[in-house]
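Using UniProt numbering, you'd call the opening residue of the first sequence number 1 and step up by one each time.
Hints are not guaranteed to be accurate.
[Claimed, not checked] In silico lysine-lysine, DSS-like type, Cα no more than 25 Å apart, as pairs: (1) 62 / 20; (2) 94 / 81; (3) 4 / 81; (4) 62 / 80; (5) 80 / 94; (6) 4 / 20; (7) 81 / 62; (8) 4 / 88.
Please keep in mind that the hints were generated in silico from the structure rather than gathered at the bench.
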Amino acid sequence: MAEKQLRRNLAVLPIGTVMKLTGQTARQIRYYETQALVFPERTIGHQRMFSLNDVDRLLEIKDYLAEGTTMVQIRQIYQKKADRQRDKQLSDEKARRLLANELLSVGGLVGQRSTISQSSKLY
DNA sequence: GTTCTAACA
DNA sequence: TGTTAGTA
1 MAEKQLRRNL AVLPIGTVMK LTGQTARQIR YYETQALVFP ERTIGHQRMF
51 SLNDVDRLLE IKDYLAEGTT MVQIRQIYQK KADRQRDKQL SDEKARRLLA
101 NELLSVGGLV GQRSTISQSS KLY
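Assemble the whole structure, with the sequences as input and the hints as a guide.
Below, the structure is given as structure tokens:
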């Protein structure tokens, strides 16, 4: 499941393909990048390479615009979404650290017990 | 031939 | 946002 999501983030599409996929002009697509709505990678020759997720994002933007949503509003929507994802990531990391610490302490106790039992055998 | 940046009769 | 100029 995480592998699929990883592939969707692979930047493999040149702007010409994205134009056909989204029906948007190169001018628009580049403008949306300046608005931090999509984040295409760059080749060594500075050419933009978009991922499948970028295409989805562009299609979403297209719908928002069709509904009359302004660029400012769209930017805020994705900004907040990005913030929520950042917070979730942070809380996930915190949870992992807590779990890791618990496992470590349990392992430590087990180690102590075995040490105790071993030492009790010695007596 | 495609894409990029910058600029505007 | 369109379009064009000069590049890479």
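Looking at the structure, which of the earlier hints fail to hold?
none
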